[in-house]
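Q: So you can see what is in the structure, the chains are spelled out below.
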Amino acid sequence: MNFLATLRVALNALRVNKLRSALTMLGIIIGVAAVIVMIAVGQGAQARVAEQIRSLGSNIIIVLSGSVLSGGARGGSGTQQTLSEDDAYALAREVDEIQGAAPSLRGTGQVVAGNANWSTSFYGTTPDYLEVREWPIAEGRGFESTDMNSAAKVVLIGQTVAKNLFGDSSPLDQVVRIRKVPLTIIGVLDRKGQNMMGQDQDDVVLMPISTARKRVLGASLAKSRNVGSVMVKVRQGADMSEAEQHMKELLRQRHHLQAGQDDDFYVRNLSEILEAQEASSKVLALLLAAVASVSLLVGGIGIMNIMLVSVTERTREIGLRMAVGARSKDILTQFLVEAVTLSLIGGLLGILLGVGGSLLVGHLAGWRTELSIIAIVLAVGFAAIVGIFFGYYPARKASLLLPIEALRYE
Amino acid sequence: MPAPLIRTDALVKQYHLGANVVAALRGVSITIEAGEFVAVMGPSGSGKSTFMNLLGCLDHPSSGEYHLGEQEVSRLSGDQLAVVRNQKIGFVFQHFNLLPRTSALDNVALPLLYNGTLTAERHSRAAKRLAQVGLADRMDHHPAQLSGGQQQRVAIARALVNDPMLVLADEPTGALDSRTSVEIMALLQTLNRAGITIVVVTHEHDVASFAGRIILFRDGVLLDDRVNTAKDAGAELARLPAVSPA
Numbered sequence: 001m002n003f004l005a006t007l008r009v010a011l012n013a014l015r016v017n018k019l020r021s022a023l024t025m026l027g028i029i030i031g032v033a034a035v036i037v038m039i040a041v042g043q044g045a046q047a048r049v050a051e052q053i054r055s056l057g058s059n060i061i062i063v064l065s066g067s068v069l070s071g072g073a074r075g076g077s078g079t080q081q082t083l084s085e086d087d088a089y090a091l092a093r094e095v096d097e098i099q100g101a102a103p104s105l106r107g108t109g110q111v112v113a114g115n116a117n118w119s120t121s122f123y124g125t126t127p128d129y130l131e132v133r134e135w136p137i138a139e140g141r142g143f144e145s146t147d148m149n150s151a152a153k154v155v156l157i158g159q160t161v162a163k164n165l166f167g168d169s170s171p172l173d174q175v176v177r178i179r180k181v182p183l184t185i186i187g188v189l190d191r192k193g194q195n196m197m198g199q200d201q202d203d204v205v206l207m208p209i210s211t212a213r214k215r216v217l218g219a220s221l222a223k224s225r226n227v228g229s230v231m232v233k234v235r236q237g238a239d240m241s242e243a244e245q246h247m248k249e250l251l252r253q254r255h256h257l258q259a260g261q262d263d264d265f266y267v268r269n270l271s272e273i274l275e276a277q278e279a280s281s282k283v284l285a286l287l288l289a290a291v292a293s294v295s296l297l298v299g300g301i302g303i304m305n306i307m308l309v310s311v312t313e314r315t316r317e318i319g320l321r322m323a324v325g326a327r328s329k330d331i332l333t334q335f336l337v338e339a340v341t342l343s344l345i346g347g348l349l350g351i352l353l354g355v356g357g358s359l360l361v362g363h364l365a366g367w368r369t370e371l372s373i374i375a376i377v378l379a380v381g382f383a384a385i386v387g388i389f390f391g392y393y394p395a396r397k398a399s400l401l402l403p404i405e406a407l408r409y410e
Numbered sequence: 001m002p003a004p005l006i007r008t009d010a011l012v013k014q015y016h017l018g019a020n021v022v023a024a025l026r027g028v029s030i031t032i033e034a035g036e037f038v039a040v041m042g043p044s045g046s047g048k049s050t051f052m053n054l055l056g057c058l059d060h061p062s063s064g065e066y067h068l069g070e071q072e073v074s075r076l077s078g079d080q081l082a083v084v085r086n087q088k089i090g091f092v093f094q095h096f097n098l099l100p101r102t103s104a105l106d107n108v109a110l111p112l113l114y115n116g117t118l119t120a121e122r123h124s125r126a127a128k129r130l131a132q133v134g135l136a137d138r139m140d141h142h143p144a145q146l147s148g149g150q151q152q153r154v155a156i157a158r159a160l161v162n163d164p165m166l167v168l169a170d171e172p173t174g175a176l177d178s179r180t181s182v183e184i185m186a187l188l189q190t191l192n193r194a195g196i197t198i199v200v201v202t203h204e205h206d207v208a209s210f211a212g213r214i215i216l217f218r219d220g221v222l223l224d225d226r227v228n229t230a231k232d233a234g235a236e237l238a239r240l241p242a243v244s245p246a
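So the protein sequences, as listed, match chains F and A.
Going by the working numbering, the residue at position 283 of the first sequence is 283; the numbering climbs one at a time, nothing skipped.
Going by the working numbering, the residue at position 225 of the second sequence is 225; the numbering climbs one at a time, nothing skipped.
Just so you know, the hints here were simulated from the structure itself, not pulled from any lab data.
Any given hint could be a false lead.
What the hints assert, rightly or not - In silico DSS-like cross-links for lysine-lysine, where the CA-CA straight-line distance does not exceed 30 Å:
| id | chain 1 | residue 1 | chain 2 | residue 2 |
| --- | --- | --- | --- | --- |
| 1 | F | Lys-18 | F | Lys-214 |
| 2 | F | Lys-397 | F | Lys-18 |
| 3 | A | Lys-88 | F | Lys-329 |
| 4 | F | Lys-214 | F | Lys-180 |
| 5 | F | Lys-153 | F | Lys-163 |
| 6 | A | Lys-88 | F | Lys-397 |
As the list claims (entries may be wrong) - Just a few of them, taken from the derived set where beta-carbon distance is under 7 Å, the chain A residues facing chain F:
| id | residue |
| --- | --- |
| 7 | Asn-86 |
| 8 | Tyr-114 |
| 9 | Ala-120 |
| 10 | Asp-137 |
| 11 | Asp-140 |
C-beta: ideal position from N, C-alpha, C; glycine also.
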């Protein structure tokens, strides 16, 4: 009996019992769809974390100024600005692992443009900042060393600020005022999105550090070179902890700290937090897939159940087929092909439902979902294996029937 | 002289029911020549069904020999017997045993499925046999759309589709009314005249009377084996009052 004929016999048997076949398939359809949707949701979450890592720069180390000690109460990090601009330049120059270091001074204030205004954070920094953060400019230009030297009254603004102050019109060459200082917008930063804490990274204004110090933040800081933090980018492939170690050594040396004395700065390595988040989202994805697999397994048991009923119900048919010349392997193949056909058709419908479901979940819940070919192939392969595994026992039971007993079965 | 079609030698079949051993056949030796029309009779429990199952290669004898044509088949494996059944034997059952919701054509073609016949040939051979039993216009009908007599004709066409040496009919008229029964016997007689060996199991004397030889079983042994002057089913049919065609 050739395979095509077997397939036709199987399809015919399934067609004869349409409702039952459909219900049996439903288990597999739901199982496969669940696997695909769950993996899509899990991978979407993972991709989102990975993207956040990229957007922040996984190889970024932030050095924060130390805390002030007054009357026994320690202030938070940065309350005393122990870092200086020159620390940043020294780090970039002297530590091999470091690709760039950008000092930054942070302030907050109302940004006014015409009759619109918006409260945001602004940073005084160097041109290196954009390189360290891997942050391209959407339109206009960045500031350059001439702007630094002259403390030029120029700013770069983030997308959120641009939108809130100028709506859809171009902010380039417009003048905004921060703390009553008029500043010209020379560039708009590319969209960066939220960081992992959910903060809007596009709600920002950047200006040359000299401008921030001399013109915006006020007289008290004008003569100092101190900064709140230094953002450091480690070279691709360099060891993060080694870089961190070398940075600490250099800073201690520059700050004249004795052995045994505490650091007067803090080093934050963001990648650790992100890696932990990525790991947890991986576990989540795995968990979702495992739960979905259980439903696929249940679907398989449904197939076995129905095939067993079918074998009992069709005992006379099996007897007849044997009487007219079917060998036990023909009967085995027939029922196995039926089970596998059920699960494969179920699998294919499951793909459609799964893909549709993933898109729907992405659309309705606003979750990011990522369909993967591997998940689809895996789900359908698993469905076929379920069909073979759970179809084999009933099929074998059928093939072992004795023709005369099967013929006489009432 | 050619070898007989069927030759059994001291055929014994025992069943184990718990601790008891029940002998259904206690040594049956018989010879049936090619071209005979034999009726096997006997009360229930006489062993005639067991004998039929052995003749049909559906079961193994406990001891003894069975030669079908040139071949000794009593020691063959289950799968080898399946091949013998497929090639050499056609079955007709009391309850027709057609596949439900399957066309008459596909029902007739069923045995060809198991010997690798190609689809086109399967259909042409099945169609030829359906025409032979007078159902050329019913090929696409499902069993449920056919009368009992028509269903049995489909079953006979199925028995013939592989050009068997032997057709075994187990109570072929058991589920049919008397006129239809005679029609079926007439069809079997026609086939027999065309050279096919036919063995019919029945407990009705009317049915047996159409056979050329009657074998009687009782308690697992052959009680009687006599030549019968066969009634002509076609003539019998002409005598019966006409009814609306089935």
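Q: Are the hints correct? Go through all of them and say.
A: Hints, one by one, checked against the model:
For the suggested pair F/Lys-18 and F/Lys-214, the alpha carbons sit about 82 Å apart, so the restraint of at most 30 Å is broken. Straight-line distance between C-alpha atoms of F/Lys-397 and F/Lys-18 comes to about 23 Å, which keeps the hinted pair within the 30 Å bound. For a cut-off of 30 Å, the pair hint linking A/Lys-88 to F/Lys-329 stands: about 20 Å separates their Cα positions. Taking the CA atoms of F/Lys-214 and F/Lys-180, the gap is about 13 Å. The hint holds against a cut of 30 Å.
Taken as a hint, the F/Lys-153 and F/Lys-163 pair is honoured in the structure, with Cα atoms around 21 Å apart against an allowance of 30 Å. Between A/Lys-88 and F/Lys-397 the alpha-carbon distance is near 27 Å, which keeps this suggested pair within the 30 Å criterion. Proximity of A/Asn-86 to chain F holds as hinted, the smallest CB-CB distance being about 2 Å (cut-off 7 Å). The interface hint given for A/Tyr-114 is met, as the beta carbon of that residue sits about 4 Å from the closest beta carbon of chain F, less than 7 Å.
The interface hint given for A/Ala-120 is broken, as the beta carbon of that residue sits about 12 Å from the closest beta carbon of chain F, more than 7 Å. At a threshold of 7 Å, the smallest CB-CB gap from A/Asp-137 to chain F is about 23 Å, leaving the interface hint violated. The beta carbon of A/Asp-140 comes no nearer than 14 Å to any beta carbon in chain F, farther than 7 Å, and the hint placing it at the interface is violated.
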